[in-house]
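Taken in order, these protein sequences are the chains called A and B.
Quick note: the first sequence, position 43, residue 43 per my numbering, numbers continuous.
Quick note: the second sequence, position 413, residue 413 per my numbering, numbers continuous.
No lab work stands behind these hints, which were simulated from the structure alone.
Note that the Cβ used here is the ideal one computed from N, Cα and C, for glycine as well.
Be aware that one or more of the hints could be misleading.
[Claimed, not checked] Quick list of in silico lysine to any residue cross-link-like pairs, SDA-like style, CA-CA up to 25 Å:
{"#": "1", "chain 1": "B", "residue 1": "K172", "chain 2": "B", "residue 2": "L366"}
{"#": "2", "chain 1": "A", "residue 1": "K109", "chain 2": "B", "residue 2": "S503"}
{"#": "3", "chain 1": "B", "residue 1": "K293", "chain 2": "B", "residue 2": "A308"}
{"#": "4", "chain 1": "A", "residue 1": "K91", "chain 2": "B", "residue 2": "S113"}
{"#": "5", "chain 1": "A", "residue 1": "K109", "chain 2": "B", "residue 2": "K563"}
{"#": "6", "chain 1": "A", "residue 1": "K91", "chain 2": "B", "residue 2": "N211"}
{"#": "7", "chain 1": "A", "residue 1": "K126", "chain 2": "B", "residue 2": "E274"}
{"#": "8", "chain 1": "A", "residue 1": "K109", "chain 2": "B", "residue 2": "P500"}
{"#": "9", "chain 1": "B", "residue 1": "K293", "chain 2": "A", "residue 2": "V73"}
{"#": "10", "chain 1": "A", "residue 1": "K109", "chain 2": "B", "residue 2": "W247"}
{"#": "11", "chain 1": "B", "residue 1": "K499", "chain 2": "B", "residue 2": "Q524"}
{"#": "12", "chain 1": "A", "residue 1": "K109", "chain 2": "B", "residue 2": "N474"}
{"#": "13", "chain 1": "A", "residue 1": "K91", "chain 2": "A", "residue 2": "V73"}
{"#": "14", "chain 1": "A", "residue 1": "K109", "chain 2": "B", "residue 2": "K221"}
{"#": "15", "chain 1": "A", "residue 1": "K109", "chain 2": "B", "residue 2": "V531"}
{"#": "16", "chain 1": "B", "residue 1": "K563", "chain 2": "A", "residue 2": "K126"}
{"#": "17", "chain 1": "B", "residue 1": "K172", "chain 2": "A", "residue 2": "T127"}
{"#": "18", "chain 1": "A", "residue 1": "K126", "chain 2": "B", "residue 2": "K293"}
{"#": "19", "chain 1": "A", "residue 1": "K109", "chain 2": "B", "residue 2": "L366"}
{"#": "20", "chain 1": "B", "residue 1": "K499", "chain 2": "A", "residue 2": "V133"}
{"#": "21", "chain 1": "B", "residue 1": "K499", "chain 2": "A", "residue 2": "T110"}
{"#": "22", "chain 1": "B", "residue 1": "K539", "chain 2": "A", "residue 2": "T110"}
{"#": "23", "chain 1": "A", "residue 1": "K109", "chain 2": "B", "residue 2": "F460"}
{"#": "24", "chain 1": "B", "residue 1": "K92", "chain 2": "B", "residue 2": "G195"}
{"#": "25", "chain 1": "B", "residue 1": "K499", "chain 2": "B", "residue 2": "R437"}
{"#": "26", "chain 1": "B", "residue 1": "K293", "chain 2": "A", "residue 2": "K91"}
{"#": "27", "chain 1": "B", "residue 1": "K293", "chain 2": "A", "residue 2": "A129"}
{"#": "28", "chain 1": "B", "residue 1": "K293", "chain 2": "A", "residue 2": "T127"}
{"#": "29", "chain 1": "A", "residue 1": "K109", "chain 2": "B", "residue 2": "Q501"}
{"#": "30", "chain 1": "B", "residue 1": "K563", "chain 2": "B", "residue 2": "G492"}
{"#": "31", "chain 1": "A", "residue 1": "K109", "chain 2": "B", "residue 2": "E533"}
{"#": "32", "chain 1": "B", "residue 1": "K293", "chain 2": "A", "residue 2": "Q112"}
{"#": "33", "chain 1": "A", "residue 1": "K109", "chain 2": "B", "residue 2": "N211"}
{"#": "34", "chain 1": "B", "residue 1": "K293", "chain 2": "A", "residue 2": "S128"}
{"#": "35", "chain 1": "B", "residue 1": "K221", "chain 2": "B", "residue 2": "T159"}
{"#": "36", "chain 1": "B", "residue 1": "K172", "chain 2": "B", "residue 2": "G195"}
[To be verified] If you anchor each label on the Cβ, the simulated ranges turn out as follows:
{"#": "37", "chain 1": "B", "residue 1": "S295", "chain 2": "A", "residue 2": "G97", "range": "21 to 29 Å"}
{"#": "38", "chain 1": "B", "residue 1": "P197", "chain 2": "A", "residue 2": "P70", "range": "41 to 49 Å"}
{"#": "39", "chain 1": "B", "residue 1": "K563", "chain 2": "A", "residue 2": "S98", "range": "34 to 42 Å"}
{"#": "40", "chain 1": "B", "residue 1": "A567", "chain 2": "A", "residue 2": "G47", "range": "32 to 40 Å"}
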Amino acid sequence: MDLTRRQALALGSATLAIASLSGLPAFASLTDEAITALTGGADVTEGGIDLIAPEIAENGNTVPVEVSAPGAVEIALFAAGNPTPAVATFKFGPLAGSRSGSTRIRLAKTQQVVAIAKMEDGSFRKTSATVKVTIGGCGG
Amino acid sequence: MISRRDYMQTSMAAAALYGASGFGNWARVAAQQSLTQDKLLEFDTYGNVSLIHITDIHAQLKPIYFREPSVNIGVGGNNGAVPHVTGADFRKLYGIDDGSASAYALSHSDFSSLAQAYGRVGGIDRVATVIKSIRAARPDALLLDGGDTWHGSYTCYQTAGQDMVNVMNALKPDAMTFHWEFTLGSERVSEIVEGLPFAALGQNIFDAEWNEPTELFPPYKFFETGGVKVAVIGQAFPYMPIANPGWMFPEYSFGIRDERMQEMVDEVRAKGAELVVCLSHNGFDVDKQMAGKVSGIDVILSGHTHDALPEPVLVGETIIVASGSNGKFVSRVDLDVRNGRMMGFRHKLIPIFSDVITPDAEVAQLIDAQRAPYVDQLGEVIGRTGDDQTLYRRGNFNGTWDDLICDALISEREADIALSPGVRWGPSILPGQDITREDIWNVTSMTYGEAYRTEMTGEFLHVILEDVADNLFNPDPYYQQGGDMVRVGGLGYRIDVSKPQGSRITEMTLLKTGELIDPSRTYQVAGWASVNEDTEGPKIWDVVEAHIAKQGTISLDPNNSVKVVGA
């Protein structure tokens, strides 16, 4: 893959693992399965994690997203409507200056982008955002 | 101890023209005024800061007619809330008498007869007179242009925006933000912006490659006025590359970016801003939602959705001012700012009745100089409207101008179905009025005006209607793009605005046969204003001109082909 500057910056402070985009047909539960695999079924609470994504994608092929969760050791991103929901996992060591990462993702259609953070105390946090992918039209 | 909010409301109650709840005495005051320039401009100067807001001029330098919408549906939390109130309900809400000057300026009812009585509106030479009068009372009043200024007329197109730049510069604005300007192409935009004698602001204008702020468009600018440190933060139209052709300005990315708006508000407050003004092209419902999420903005000057509201809307401690479009209105907002806080304000939406307000001679001359090279082209009469035929555009579903444009597309391009963009600009034409080339350009001019002809399946037509409907009727304002529904010719449909995307549009019917649209069948579709690069076809203004010339006198059948439910 070609590294964008943003991704290179993210690599500077975190270990970025891009999941394979090829894979199985889409199931709505794929994201839930992946989240369960990550959390081991533990409770996930909303809040304590920020996800910045555009409300409407300017280009569904490259949608900029940013996640941050102070105190996280790991943040995983999922695109729930993609054939393969797993997008990226950012891991943070104890010396990481900020627990944040950004990348660009491809979204097949309008869908929820979900971010799960594993915190230093072993708890999990979750947030999500709807990103609309539209064919475009006319604004007044 | 009196809270800031209590103090503001006490102060507001004392302000003669203000009502925080949406019910005020604006109209009573207005109705008591006979139409004179002095009365229109009458304003008891208040506090220590004055803002002058004009927005969405769409290159209308000369006075025009402009009919306000009869259908403007609000969804979700905005159902029945201003600006989604029209006609008699609107007049009742603000206590406006039927047939009054205010009724003519602000609502659609009896439009053509009231237009005969009250005349044309707008004209930037009249706007100049209003601005000069406000500056006479408050010399350091800030003039803020909400954008959609360098687009929308024959001369603006021919000069790539230069006519508007020349005239607006004479008004000496202090700052501006943007939307249609970008459809001039990023190179031309840079060329103009680099030479602007005022601030070009947009906290949400980003470099697309790096997703970082740009140098050309700073997020905010500080002004010292009346001893008050005022920060003006710009907010450009968030959905430019989606609603307009992104390939014309690929270097830029936009979005609402309300988290950065909050950062900018915090930053200017930390730098000592006593008053924070957001000059916005978000559209009214998006501004309302943003005002609820971002704290610390005192005033949002709202543009894009072309709403004209006689009183500001209060969200938390933020007032939102909507100043109409096409040069029809100027808003004046006087503020009392003390100890770093907005303590109260007074507001007036000033309708620009062109027969009542004397044109500023200098600006009138400058406007005529811009038009001089094109006068013969502009004034050529192509046809006229029938005695019962008004041409207008505004409204959620169709206007007669678009019915005429769709007729032109179907007949000139031999199509089954026509699509016309749901833009909100474009002045109106009265019954029995000549239609000039300028009039046609006023409703069609753009840098991507190719009238395409293509084949579409019934299924794809359904996808298009559903997609555009969601831009308008998504219950979350942040997912609305601020235009109206795509206009259709040769096609009828039923829309339930309360349904989610994908299930709003049913009963799509091909009007010429009365048959339901077959998802798998292919139809010949003509349209214009495609956002796709390399769209081919004659220019829409030439298509419409040819059609009008053939018709001579325009008389349209009433369009009842869209059934709206769930509103």
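Status of the hints after comparison with the structure:
| no. | hint | in the structure |
| --- | --- | --- |
| 1 | K172(B) / L366(B) | holds (14 Å) |
| 2 | K109(A) / S503(B) | holds (17 Å) |
| 3 | K293(B) / A308(B) | holds (23 Å) |
| 4 | K91(A) / S113(B) | violated (69 Å) |
| 5 | K109(A) / K563(B) | violated (29 Å) |
| 6 | K91(A) / N211(B) | holds (23 Å) |
| 7 | K126(A) / E274(B) | violated (37 Å) |
| 8 | K109(A) / P500(B) | holds (15 Å) |
| 9 | K293(B) / V73(A) | violated (29 Å) |
| 10 | K109(A) / W247(B) | holds (21 Å) |
| 11 | K499(B) / Q524(B) | violated (29 Å) |
| 12 | K109(A) / N474(B) | holds (16 Å) |
| 13 | K91(A) / V73(A) | holds (6 Å) |
| 14 | K109(A) / K221(B) | violated (38 Å) |
| 15 | K109(A) / V531(B) | holds (19 Å) |
| 16 | K563(B) / K126(A) | violated (42 Å) |
| 17 | K172(B) / T127(A) | violated (46 Å) |
| 18 | K126(A) / K293(B) | holds (20 Å) |
| 19 | K109(A) / L366(B) | violated (50 Å) |
| 20 | K499(B) / V133(A) | holds (18 Å) |
| 21 | K499(B) / T110(A) | holds (17 Å) |
| 22 | K539(B) / T110(A) | violated (33 Å) |
| 23 | K109(A) / F460(B) | holds (16 Å) |
| 24 | K92(B) / G195(B) | violated (46 Å) |
| 25 | K499(B) / R437(B) | violated (41 Å) |
| 26 | K293(B) / K91(A) | violated (30 Å) |
| 27 | K293(B) / A129(A) | holds (16 Å) |
| 28 | K293(B) / T127(A) | holds (17 Å) |
| 29 | K109(A) / Q501(B) | holds (13 Å) |
| 30 | K563(B) / G492(B) | holds (8 Å) |
| 31 | K109(A) / E533(B) | holds (22 Å) |
| 32 | K293(B) / Q112(A) | holds (21 Å) |
| 33 | K109(A) / N211(B) | holds (22 Å) |
| 34 | K293(B) / S128(A) | holds (17 Å) |
| 35 | K221(B) / T159(B) | violated (29 Å) |
| 36 | K172(B) / G195(B) | holds (13 Å) |
| 37 | S295(B) / G97(A): 21 to 29 Å | holds (28 Å) |
| 38 | P197(B) / P70(A): 41 to 49 Å | holds (44 Å) |
| 39 | K563(B) / S98(A): 34 to 42 Å | violated (54 Å) |
| 40 | A567(B) / G47(A): 32 to 40 Å | holds (36 Å) |
The structure is inconsistent with the numbered hints 4, 5, 7, 9, 11, 14, 16, 17, 19, 22, 24, 25, 26, 35 and 39, although it conforms to all the rest.
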